[in-house]
Amino acid sequence: MTERELRAAFTRHEALTPPAGPVRAAIDRVAAVRRRRRQRVRAAGVALALVGALGVGLPQLAPRPSPQHAPTVAGPSTGLPTGALNLLVLGLDTRSDGAPPSADSVLIVHIPADRSRPYLISLPRDLEVKIPGFQRSKLNAAFAYGAGSEHPDRSKGYDLTRRVVADLTGVRVDAGVVLTFSAMRKATDVLGGVEICLPQQVESVHTRRVYPAGCHRLDGAASLDLLRQRRGMPDGALDRDRNAQRFAAGVVRQVAEQGALTDPVQMSRILAAITPELTVAGNMSVPDLLRVVPELSSADPVGLSLPVVWPEVPSSPTSTGETGGLGLRADPQAAPAFLTALREDRLAQWAAANPERVTRLR
Amino acid sequence: MTYEEFADPRLAALLRYAVMLTGDPHQAEDLVQETMVRVQLNWRRVARADSPERYVRRMLTNQYIDWRRGSWVRRVLLRAEPDEAVPAPSDHAQSSVDRDQVWSWLARLPRRQRASLVLRYYEDLPDAEIADILGCAVGTVRSSISRALATLRTEYVEVCS
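For the record, the sequence lines run as chains A and B.
Sequential numbering of the first sequence, starting at 1, is according to the UniProt record's numbering.
Sequential numbering of the second sequence, starting at 1, is according to the UniProt record's numbering.
Read the hints as simulated data drawn from the structure, not as lab findings.
From a predicted model like this one, the values you see are computed outputs, not experimental measurements.
C-beta atoms are modelled at their ideal positions from N, C-alpha and C, and glycine is treated no differently.
Mixed in with the good hints there might be a few duds.
[Claimed, not checked] Have a look at the derived ranges for each label pair, beta carbon to beta carbon:
{"#": "1", "chain 1": "B", "residue 1": "53", "chain 2": "A", "residue 2": "212", "range": "56 to 64 Å"}
{"#": "2", "chain 1": "B", "residue 1": "135", "chain 2": "A", "residue 2": "343", "range": "37 to 45 Å"}
{"#": "3", "chain 1": "A", "residue 1": "356", "chain 2": "B", "residue 2": "142", "range": "55 to 63 Å"}
{"#": "4", "chain 1": "A", "residue 1": "113", "chain 2": "B", "residue 2": "101", "range": "19 to 27 Å"}
{"#": "5", "chain 1": "B", "residue 1": "53", "chain 2": "A", "residue 2": "11", "range": "16 to 24 Å"}
{"#": "6", "chain 1": "A", "residue 1": "352", "chain 2": "B", "residue 2": "157", "range": "51 to 59 Å"}
{"#": "7", "chain 1": "A", "residue 1": "356", "chain 2": "B", "residue 2": "138", "range": "52 to 60 Å"}
{"#": "8", "chain 1": "A", "residue 1": "358", "chain 2": "B", "residue 2": "158", "range": "56 to 64 Å"}
{"#": "9", "chain 1": "A", "residue 1": "210", "chain 2": "B", "residue 2": "44", "range": "47 to 55 Å"}
{"#": "10", "chain 1": "B", "residue 1": "47", "chain 2": "A", "residue 2": "11", "range": "25 to 33 Å"}
{"#": "11", "chain 1": "A", "residue 1": "114", "chain 2": "B", "residue 2": "150", "range": "43 to 51 Å"}
{"#": "12", "chain 1": "A", "residue 1": "204", "chain 2": "B", "residue 2": "48", "range": "56 to 64 Å"}
{"#": "13", "chain 1": "A", "residue 1": "114", "chain 2": "B", "residue 2": "135", "range": "36 to 44 Å"}
{"#": "14", "chain 1": "B", "residue 1": "128", "chain 2": "A", "residue 2": "343", "range": "48 to 56 Å"}
So here's chain A without its partners, still in its complex pose (with noise of 0.2 Å):
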């Protein structure tokens, strides 16, 4: 065995050489398809910031910026967010009938230190909670206590259920936004729509339409129409927490397939269209939560709620899923370790732990 003979075998396999076209041509393809998939990433991650803050920034509680301004959001700033980053987002059901304003929707937007992926942890709004100031109530009412019922002051309504929920939760909130049912409208049609899927069907006893089982992409006004309903579910409002995680999970899909944020005028069409509908809060600016967004692997978000029990009287809930006038309690067996989990951002491990209650998004 020589190495003469070595030389010679490798020679004599050089006829094995596959010809270099068409290598190139899928080299070219499957590149194209993971820089692709990166920018999808990286604009799903924008996306987050628009289901955890519909274009956060240009705050109410500060002199507002004016539209124009909307470009800083891509602008310099300092110092990159490190940790776990908690957004509050409250979803507020405007009424007509002059009743003040209650957080019908109460979402933390958790990202985790590692950037993984981001949760989506829904807070009942039924759940029975002490709010500074007042009588023990449901957590919704902590927003009309806050905001007042003269002229209600969004910001008021949102730093009480803040404390309330930083109260509750033990975490540290770092930015919170408001969302009408008007904002999330417009920012749904400027986004073209927004794929849902639901695991059950879902009849609307406002306007009477059916949304069956299934994956719909549906316009601003459909959506906000099914995210407003609740009765004739079995679990209620907590179904509906459940709904509204879904929309989030398309919206952010639906961002990612668009490169929306990634483009300036789209970006700017959706901030115009929601600016004024929109109250942030938080000591974060927006170019910090927007430079946290590529740090994410994944933009898959999990969906999680509260662990809750019903009140003991009465004994079930009733069919239109009302716990007359008693609040949800926190399952004092699998609350503690949930909020634990959150508080020690290690959520991950939880949801691995507890499959049953993370919620299927699509």
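Since the structure of chain A is provided, determine the placement of chain B on it from the hints.
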């Protein structure tokens, strides 16, 4: 230099090199494809290297050495790419491969040893450059080549004596 300017004249040579490493045209294609996709996506970093050519060869060699050949996940994923590009080896080539003892002995060598043999006896690189590509000391290259040759010689003696 753009990615295309780099890749077009070198692809054939990289494929030949990959065939010598893997011993199989399909795996050679997969290996080159996977490497070059990463080269393309990270082109700026590759182009900054002192010698992009050697940098890419190092990427490809590392990819080969780390490749978990037994992993079905990887195999399924890679095979899921359209396959029309792969030429079926002609009967003649196939049978000569089957008959080729040296070739099948090479397949049984540890990959690092095979890579050093290919780099020295096919690519005709000096040991210092082989060491750079494999990311080890020159002495390590020499000893792994002599171990590989010793293994081959043992096989040779067993079969041919």
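Hint check results:
For residue 53/B and residue 212/A, the hinted distance range of 56 to 64 Å is satisfied, since their beta carbons lie about 59 Å from each other. For residue 135/B and residue 343/A, the hinted distance range of 37 to 45 Å is satisfied, since their beta carbons lie about 43 Å from each other. For residue 356/A and residue 142/B, the Cβ-Cβ distance of about 60 Å falls inside the hinted range of 55 to 63 Å, so the restraint holds. Look at residue 113/A against residue 101/B: about 56 Å separates their beta carbons, and that is not inside 19 to 27 Å.
For the hinted restraint 16 to 24 Å between residue 53/B and residue 11/A, the CB-CB distance of approximately 22 Å keeps it satisfied. Under the hint 51 to 59 Å, the C-beta atoms of residue 352/A and residue 157/B, about 55 Å apart, fit the expected range. In this structure the supplied range 52 to 60 Å holds for residue 356/A paired with residue 138/B, their Cβ-Cβ distance being about 59 Å. Our hint of 56 to 64 Å for residue 358/A and residue 158/B holds, since their Cβ atoms are close to 59 Å apart.
Between residue 210/A and residue 44/B the Cβ separation comes to about 53 Å, which falls inside the hinted range of 47 to 55 Å. Checked against the given bound of 25 to 33 Å, the beta carbons of residue 47/B and residue 11/A, roughly 32 Å apart, stay inside it. Between residue 114/A and residue 150/B the beta carbon distance is about 47 Å. The supplied range of 43 to 51 Å therefore holds. Checked against the hint of 56 to 64 Å, the C-beta distance between residue 204/A and residue 48/B comes to roughly 59 Å, which is consistent with it.
For residue 114/A and residue 135/B, the hinted distance range of 36 to 44 Å is not satisfied, since their beta carbons lie about 29 Å from each other. Checked against the given bound of 48 to 56 Å, the beta carbons of residue 128/B and residue 343/A, roughly 55 Å apart, stay inside it.
Checked against the numbered hints given earlier, this structure breaks hints 4 and 13; the rest are met.
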